[in-house]
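Each chain is listed here by its residues.
2 protein chains.
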Amino acid sequence: MNGLDFDMGRITSIIGERSAKKVGLQFPAGLKRSGLKIAKETQERTGAITYISGSSCYGACDVDDVLRAYVDILFHFGHAEMEPIDKVVFIEVRSNADIIPALRQALKMLKGDSIGLVTTVQHVHKLDEAKDFLTKHGKTCIVGRGDSRIRYNGQVLGCNFSVACVNADEFVYIGSGDFHPLGIALATGKRVIVADPTLNEAREVEPKLILRQRHAIIAKALDAKSFGIIVSTKRLQMRLGMAEKLCQKAQKRDIDTHMIFMDEVKPEMLAQFKVDAFVSTACPRIAIDDVALFKKPVLTPIEFEIVLGERDWSEIKFDEILGGTR
Amino acid sequence: MNGLDFDMGRITSIIGERSAKKVGLQFPAGLKRSGLKIAKETQERTGAITYISGSSCYGACDVDDVLRAYVDILFHFGHAEMEPIDKVVFIEVRSNADIIPALRQALKMLKGDSIGLVTTVQHVHKLDEAKDFLTKHGKTCIVGRGDSRIRYNGQVLGCNFSVACVNADEFVYIGSGDFHPLGIALATGKRVIVADPTLNEAREVEPKLILRQRHAIIAKALDAKSFGIIVSTKRLQMRLGMAEKLCQKAQKRDIDTHMIFMDEVKPEMLAQFKVDAFVSTACPRIAIDDVALFKKPVLTPIEFEIVLGERDWSEIKFDEILGGTR
Numbered sequence: 104m105n106g107l108d109f110d111m112g113r114i115t116s117i118i119g120e121r122s123a124k125k126v127g128l129q130f131p132a133g134l135k136r137s138g139l140k141i142a143k144e145t146q147e148r149t150g151a152i153t154y155i156s157g158s159s160c161y162g163a164c165d166v167d168d169v170l171r172a173y174v175d176i177l178f179h180f181g182h183a184e185m186e187p188i189d190k191v192v193f194i195e196v197r198s199n200a201d202i203i204p205a206l207r208q209a210l211k212m213l214k215g216d217s218i219g220l221v222t223t224v225q226h227v228h229k230l231d232e233a234k235d236f237l238t239k240h241g242k243t244c245i246v247g248r249g250d251s252r253i254r255y256n257g258q259v260l261g262c263n264f265s266v267a268c269v270n271a272d273e274f275v276y277i278g279s280g281d282f283h284p285l286g287i288a289l290a291t292g293k294r295v296i297v298a299d300p301t302l303n304e305a306r307e308v309e310p311k312l313i314l315r316q317r318h319a320i321i322a323k324a325l326d327a328k329s330f331g332i333i334v335s336t337k338r339l340q341m342r343l344g345m346a347e348k349l350c351q352k353a354q355k356r357d358i359d360t361h362m363i364f365m366d367e368v369k370p371e372m373l374a375q376f377k378v379d380a381f382v383s384t385a386c387p388r389i390a391i392d393d394v395a396l397f398k399k400p401v402l403t404p405i406e407f408e409i410v411l412g413e414r415d416w417s418e419i420k421f422d423e424i425l426g427g428t429r
Numbered sequence: 104m105n106g107l108d109f110d111m112g113r114i115t116s117i118i119g120e121r122s123a124k125k126v127g128l129q130f131p132a133g134l135k136r137s138g139l140k141i142a143k144e145t146q147e148r149t150g151a152i153t154y155i156s157g158s159s160c161y162g163a164c165d166v167d168d169v170l171r172a173y174v175d176i177l178f179h180f181g182h183a184e185m186e187p188i189d190k191v192v193f194i195e196v197r198s199n200a201d202i203i204p205a206l207r208q209a210l211k212m213l214k215g216d217s218i219g220l221v222t223t224v225q226h227v228h229k230l231d232e233a234k235d236f237l238t239k240h241g242k243t244c245i246v247g248r249g250d251s252r253i254r255y256n257g258q259v260l261g262c263n264f265s266v267a268c269v270n271a272d273e274f275v276y277i278g279s280g281d282f283h284p285l286g287i288a289l290a291t292g293k294r295v296i297v298a299d300p301t302l303n304e305a306r307e308v309e310p311k312l313i314l315r316q317r318h319a320i321i322a323k324a325l326d327a328k329s330f331g332i333i334v335s336t337k338r339l340q341m342r343l344g345m346a347e348k349l350c351q352k353a354q355k356r357d358i359d360t361h362m363i364f365m366d367e368v369k370p371e372m373l374a375q376f377k378v379d380a381f382v383s384t385a386c387p388r389i390a391i392d393d394v395a396l397f398k399k400p401v402l403t404p405i406e407f408e409i410v411l412g413e414r415d416w417s418e419i420k421f422d423e424i425l426g427g428t429r
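So the sequence lines, in the order shown, correspond to chains A and B.
If you want the numbering used here, it's the position in the first sequence, counting the first as 1, plus 103.
If you want the numbering used here, it's the position in the second sequence, counting the first as 1, plus 103.
The shape of chain A in the complex, shown without the other chains:
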């Protein structure tokens, strides 16, 4: 299986088993371009009518519920199941990239003995290979078991680092990008080495810059007299109870708060509301990744607790959406 193999055999047989006539297909941005080909092949192989979701799709938390209502099966590509949803079948897409060259680089940078191994679903099938490689080089590897939102041992999401709750000296993250490893560094307070199988290189993440940025955002928000508390309309990003509690706490302190429901949290949508700052209870990545785009401070719930004086500045950490015990 490689990055372009979408497991057509499995798709075809599921459609056959369920005698599905109407089939929905949902892809994250990086895979949408393959969508038309998959739709065509599905139609040709099974005779089912296909409907593609054209809306954005940021994770397993972001299922197209309107399309789901109109089809017999909705195939959701590229993400691992977070929780079972009626009619939805998750088709994970795995990368065939060789992880060893990047791990070899990472090995040189490791200082500790016990190494926590973490990755995203794209590389999760390679964790055994990674463990073997590092063990052979004298390391003890720990692959943590996540909570109920996590399907595989060692798998992280942008909003969930529960697999990093292990007693390791430091972590190796197999994958691209800085968001996940930064989250692990902030969640655990430990060194995180990125072994990037796309670039075949390793690097240590440096959470100081982002921490400084967050401190600046919090400091700005201290003067805010009104807050918009954003609630996501995406089913598995919706933390309405949390938003309501934050509102109540703020109102007790005579801070003006408004709960605002949103699907896509975009700067131009926020600009329509005249508040001094926002708190996002939606996907934790929004406040962090889009910080440069927002004209007003957008805090995570944890950061808002600091503003409210309920949490100490030293207790800042990445916002996570955690599940129960798996």
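Please note that the accuracy of each hint is not assured.
For chains that are exact copies, the list does not tell them apart, and a pair is met inside one copy or across any two.
Lysine-lysine pairs mimicking DSBU-like chemistry, simulated, CA-CA at most 35 Å apart [as the list claims (entries may be wrong)]:
1. K124 with K293
2. K328 with K125
3. K352 with K323
4. K234 with K398
5. K124 with K355
6. K348 with K124
7. K398 with K420
8. K190 with K293
9. K293 with K234
10. K399 with K143
11. K355 with K211
12. K399 with K352
13. K398 with K323
14. K143 with K348
15. K190 with K399
16. K293 with K323
17. K355 with K190
18. K190 with K125
19. K190 with K239
20. K234 with K323
21. K348 with K311
The set of hints was computed from the structure by calculation and includes no laboratory data.
Chain A is already provided as a structure; the job is to place chain B on it using the hints.
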């Protein structure tokens, strides 16, 4: 009542009558800035918790169904009810602008005797006054009755000019912007004079330019070998049956078509799909208003029928979403 009076008395009494504890508020872009004030006032007057919809809102066709699921009542501002929806109360917002100065200008430009009077919901309460004024100046006025999507006589929507199905020599449109009057001109083939109470001026709309633009788009699409047929996920913009029929017709002609469900139809969302052209069965305004933004031809269903050879070029007209008999 003026443009800033949101009928708080009615809102308060409806909340009281229904003993609503959780109240949703939804506003189109132009009214969102007033949303916080209304939310606060609602909370203070009634004790209900308010939740504001932060997503885009383009019309009565565009109700925030996710928010609706979480509240006892959803107040939807600025649009007239299109069809009853459980829990939704439409709060129309009327303009207090004096229409007479603009009508006086329009009067000078009229050539015919019988005048069709049309407007949007903001000015619909002024149609009697307009009729009186023009009658006094020797004109016969006709205020048409629309179909089931239209609440008031003489009221047009961006997607529905059914009130213009009357035997008038020409039309006077009271309101701003060119989209509605252009639609009427194209739907009826008659002169349309805009009496704009915001600018206090009158002008004749000129549908030739837009027609030429549409002809160019159709001509470009004639070479297309693959089409994305866009289906809106907004409940009263969804024309799935129409999309399916267009797909079948095209496939019979060996044209590759794909049905794509979308909430917001934005250029960057379309760019993710490698087809040669699109057909939008969503809001008719999208193909017309955003023509300059799209990199590939985006046709209306009527225009696609021309491409398929099922309709003559001379039969081009504005796409409308029509209802049944009212």
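Verification of the supplied hints:
1. Taking the shortest alpha-carbon separations for K124 and K293, neither the intra-copy value of 51 Å nor the inter-copy value of 46 Å comes in at or below 35 Å.
2. Taking the shortest alpha-carbon separations for K328 and K125, only the inter-copy value of 24 Å comes in at or below 35 Å, while the best intra-copy value is 50 Å.
3. Proximity of K352 to K323 under the C-alpha cut-off of 35 Å is restricted to the intra-copy arrangement: shortest distance 19 Å within a copy versus 58 Å between copies.
4. Neither within a single protomer nor between protomers do K234 and K398 lie at most 35 Å apart by alpha-carbon distance, with minima of 44 Å and 48 Å respectively.
5. Proximity of K124 to K355 under the C-alpha cut-off of 35 Å is restricted to the inter-copy arrangement: shortest distance 19 Å between copies versus 54 Å within a copy.
6. Taking CA atoms no more than 35 Å apart as the test, K348 paired with K124 passes between copies only; the shortest distance there is 16 Å, against 44 Å inside one copy.
7. Taking the shortest alpha-carbon separations for K398 and K420, only the intra-copy value of 23 Å comes in at or below 35 Å, while the best inter-copy value is 42 Å.
8. Taking the shortest Cα distances, K190 and K293 never come within 35 Å of each other, neither inside one copy (40 Å) nor across copies (51 Å).
9. In this assembly of identical chains, the alpha carbons of K293 and K234 lie at most 35 Å apart only when taken from the same copy (19 Å versus 76 Å across copies).
10. For the homomeric pair K399 and K143, the shortest alpha-carbon distance between copies (21 Å) is at most 35 Å, but the shortest distance inside one copy (44 Å) is not.
11. In this assembly of identical chains, the alpha carbons of K355 and K211 never lie at most 35 Å apart, being 53 Å within a copy and 61 Å across copies at closest.
12. Proximity of K399 and K352 under a CA criterion of 35 Å is satisfied intra-copy only: 21 Å inside one chain copy versus 50 Å between copies.
13. In the homo-oligomer, the alpha carbons of K398 and K323 lie at most 35 Å apart inside one protomer (12 Å), although the nearest pairing across protomers, at 40 Å, exceeds that limit.
14. Only between protomers do K143 and K348 lie at most 35 Å apart by alpha-carbon distance; the minimum there is 17 Å, versus 47 Å within a single protomer.
15. In this assembly of identical chains, the alpha carbons of K190 and K399 lie at most 35 Å apart only when taken from different copies (34 Å versus 40 Å within one copy).
16. Proximity of K293 to K323 under the C-alpha cut-off of 35 Å is restricted to the intra-copy arrangement: shortest distance 28 Å within a copy versus 58 Å between copies.
17. Taking CA atoms no more than 35 Å apart as the test, K355 paired with K190 passes between copies only; the shortest distance there is 30 Å, against 43 Å inside one copy.
18. Taking CA atoms no more than 35 Å apart as the test, K190 paired with K125 passes in both settings, with 11 Å inside one copy and 31 Å between copies.
19. When the C-alpha separation of K190 and K239 is checked against a cutoff of 35 Å, the pair qualifies neither within a copy, at 44 Å, nor between copies, at 64 Å.
20. Taking the shortest Cα distances, K234 and K323 never come within 35 Å of each other, neither inside one copy (44 Å) nor across copies (56 Å).
21. Only within a single protomer do K348 and K311 lie at most 35 Å apart by alpha-carbon distance; the minimum there is 30 Å, versus 57 Å between protomers.
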